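J.: Each chain is listed here by its residues.
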Amino acid sequence: MAKTIQEINERIRQGKAVVATAEEIIDLVKQKGTQKAAREVDVVTTGTFGPMCSSGIYFNIGHSRPRIKLGGGRVYLNDVLAYAAFAATDLYLGANALPDDDPRNRSHPGEFNYGGGHVIEDLVAGKDIRLIATAYGTNCYPRRKLETWINLKDLNEAVLFNLRNAYQNYNVAANTSDKTIYTYMGVLKPHLGNINYATAGQLSPLLNDPYYKTIGIGTRIFLGGGTGYVAWHGTQHNPHVPRSENGVPRQGAGTLAVIGDLKQMSPRWLMGTSMLGYGCTLTVGIGVPIPILSEEILNYTTVTDDQIFAPVIDYSDAYPNLKPDILAEVSYAQLRSGKVTVQGKEVPTASLSSYPRAVEIASTLKEWILNGEFQLTEPVAPLPGIESDITFKPLNERPIKD
Amino acid sequence: MAVSKKIVLHFPRRITDRPIVCRLIKDYDLEFNILKASVSPDKEGLMVLELRGKQEDYDKGIIYLTRAGVKIQSLSQDVIRNEERCTHCGACITICPANAFELDPKTRRVTFHNDRCLACGLCLKACPPRAMEVHF
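Chains as they are written, first to last, in the working numbering: chain U, 206 to 607; chain G, 159 to 294.
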């Protein structure tokens, strides 16, 4: 029954494609059986909406008269430090950037009310952003100071380019110490007072394609409310982790680097986010379509929360000290029930990633495909899989003497 | 002049093993009604009190509590949720001491029960998109 992406695109163009979300496909396959469902369904859509720290934008502001060379200078956007180390008018802004005068954690826990992620949200929302730059001046770029408002609509290019997003599974965070800790996994109360988890589980893109059989470089995706592409595997991409029989990794594994036109995106799907005592970040909406090319690929998309397991990690000790210890292994079904049992104690759970918004992304992508607005792309190269020799190494720290 | 006020008391861990609140009756002639309490030895504690008495005694009682290391917050505030910013992730659910946030198992959306809210403010900074706001 093998289908091709070209055949699926032809059905999309004719308005005949059959599309289901990664949630809907579960019951659909139960009713119809794998064979029939694999014949009928063309695409399964996935989604995730959570804080993704390794996110950022690059953009070109255009040349001023006289010209200024921002590269090698210092540039602030709404007081948040941008990265000015490219040519004259290209800048990068990462989600974790902070204003110089942010008190950070001097009074712990710091609040981190406004940083790079919030500038990105404001820019996408069409708000004017205050740019203040100093440069050293050259014969060809004589200007040394620039203070101006900038707006997304006036920028030459504005591109969201995230180095690591859409983690395939993730740690579940707990705290066994005797005081509250403030982490990128949220506020964790002492003595296993609560547990936080982070992925969209059965809706999450890479958990529906555990061996990266369809998602590859060049895959067109829903990104921040617009369309984008998988640019590369994300940093820390690690296919070599323990997996369940269904192929689903039992800890953080694959990741995606993604890219897309910021001008198409919306603040509903790129939200500036503050993690108390930790820092600023960006909550990113991503949805990936999975072409149902075979029964095997369909089977992967029917994964349910009770078949996805994640390790509970102690963020008061094991995580900060890079110890491999885990407290327990739990399923997403258990996590979503509101409580899990760890070390004999019943612990309330909470999610940092929004499941309802993940459903909305998968449903939006489904609508786009059904309306013929979104066609699938053929990956130009696969992501490194279990056959690759890619590894995720810790730092080889070599102290500098003298 | 008699007053009656609702306040939230935060007890740091180091003082939860000491008798503190009972002295409000004995030494300051105040009456209290405990609306909610979660105080255990060696843990941070939280108590919501309705405190009644003469204004003079009330003021002295508050000074006593502050000196004893208790952080005091007024309850005359209203916490509301900015529906535009709430993503229904659920990070607030386990933070709230009053169980004012509840996950709807069907829709997986977070319901905010304003009537259960003590206005302690713990959710304000723990909410990643900062959707919880306090209005005076």
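In case anyone wonders, no lab produced these hints; they're calculated from the structure.
Just so it is clear, the structure is predicted and the values come from calculations on it, not from any experiment.
Fair warning: there could be bad hints in the mix.
[Unchecked claim] One-sided excerpt, in silico: chain U residues whose CB lies under 7 Å from chain G:
1) P347
2) L351
3) T353
4) L357
5) L360
6) G391
7) N399
8) P472
9) T546
10) V547
11) Q548
12) G549
13) E551
14) S559
15) Y560
[To be verified] Label-pair distances were calculated between CB atoms; the ranges are:
16) F291/U - E241/G: 51 to 57 Å
17) P525/U - T269/G: 33 to 39 Å
18) R272/U - N257/G: 56 to 62 Å
By construction, the Cβ of each residue, glycine as well, lies at the ideal position given by its N, Cα and C atoms.
J.: Hint validation: T353/U versus chain G, beta carbon distance must be below 7 Å. Holds or violated?
T.: violated (28 Å)
J.: Would you settle whether the hint for L357/U is holds or violated, based on the nearest Cβ-Cβ distance to chain G being less than 7 Å?
T.: violated (20 Å)
J.: Holds or violated: is there a CB of chain G closer than 7 Å to the CB of V547/U?
T.: Cβ of V547/U sits 13 Å from chain G, so the hint is violated.
J.: For the hint on L351/U, just tell me whether its beta-carbon gets within less than 7 Å of chain G.
T.: With Cβ-Cβ at 31 Å, over 7 Å, it is violated.
J.: Is the hint on Y560/U kept, meaning its closest Cβ partner in chain G is under 7 Å away?
T.: holds (4 Å)
J.: Would the hint on G549/U be counted as holding, given a Cβ-Cβ threshold of 7 Å to chain G?
T.: At about 18 Å, which exceeds the 7 Å cut-off, the nearest Cβ of chain G leaves the hint on G549/U violated.
J.: Mind checking the CB of E551/U against every CB in chain G and telling me if the closest is under 7 Å?
T.: violated (12 Å)
J.: Double-check L360/U for me: the hint is only fine if its C-beta lies closer than 7 Å to a C-beta in chain G.
T.: violated (25 Å)
J.: For the restraint on T546/U, tell me whether the closest CB of chain G is nearer than 7 Å.
T.: violated (15 Å)
J.: If you take the shortest Cβ to Cβ gap from S559/U to chain G, is it below 7 Å?
T.: Since chain G brings a Cβ to about 4 Å from S559/U, closer than 7 Å, the hint holds.
J.: Classify the hint on N399/U as holds or violated, based on whether any CB of chain G lies nearer than 7 Å to its CB.
T.: holds (4 Å)
J.: For the hint 51 to 57 Å, verify it against the beta carbon of F291/U and that of E241/G.
T.: violated (40 Å)
Hints 1, 2, 3, 4, 5, 8, 9, 10, 11, 12, 13 and 16 from the earlier list are contradicted by this structure; the remaining hints agree with it.
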